[in-house]
Amino acid sequence: MLKTDGDGPADAASRRDEGAVSRFVERFAAQLTEAGMPRMAARVFAQLLASDGGAMTSAELGETLRISPAAVSGAVTYLTQVNMVSREREPGSRRDRYVLHDELWYETFTRRDQLLTQWEKTLREGAAGLGTHSPAGARVAETAAFFAFIQGEMLGLMDRWRAHRATLDLG
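In the working numbering, the protein residues as written are 1264 to 1434.
Treat the hints with caution; some may be incorrect.
What the hints assert, rightly or not - Derived SDA-like pairs: lysine to any residue, alpha-carbon spacing no greater than 20 Å straight-line:
(1) Lys1384 to Thr1373
(2) Lys1384 to Glu1416
(3) Lys1384 to Ser1356
(4) Lys1384 to Gly1394
Calculated directly from the structure, the hints in this document are not laboratory data.
Produce the entire structure from the sequences given, and follow the hints as far as they go.
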């Protein structure tokens, strides 16, 4: 159902096609789930992403997604642990709001880069222990080299993203 009440910028959310929003949330959540994210965490994340403010309370998430407070809590715990959202206290209230991080994807990929650094170090040590001329050692050494390559490319990619982002009219 497309809502069209109001005519100012504050009414932008009321002009949203809630059916289309819901379909987007569920479709993107399904794709995140296929990629390995827990289902409820994927749904909560997609809903936060689709919210104009990038923040919602537990009650709002539960009502919008038609899930229990326990499901919201579990999802938010996961999303907080992987640094995709943070918990903020609503001013003048005891209620928490769950907020997407600014530059979410940039930060997520930067943290992945740190993980790749750890993996590469462990893989190089493993290759040395296995013997780089053994089949297993060569395979592990190649994996370490792959991660080193990805890391080098990621740094340049992130710099190019920042430059490109500055040219976009994202409002």
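Query raised in the report: If you draw a straight line from the CA of Lys1384 to the CA of Gly1394, is it 20 Å or shorter?
Result: holds (15 Å)
**Report entry** 20 Å limit on alpha-carbon distance, applied to hinted pair Lys1384 and Thr1373
**Finding:** holds (17 Å)
Report task. Mind checking the alpha carbons of Lys1384 and Glu1416 for me, to see if they're no more than 20 Å apart? Result -> holds (17 Å)
**Report entry** Agreement of Lys1384 and Ser1356 with the hint, judged by alpha carbon distance not exceeding 20 Å
**Finding:** violated (46 Å)
This entry does not satisfy hint 3, going by the numbered hints stated previously; all others are met.
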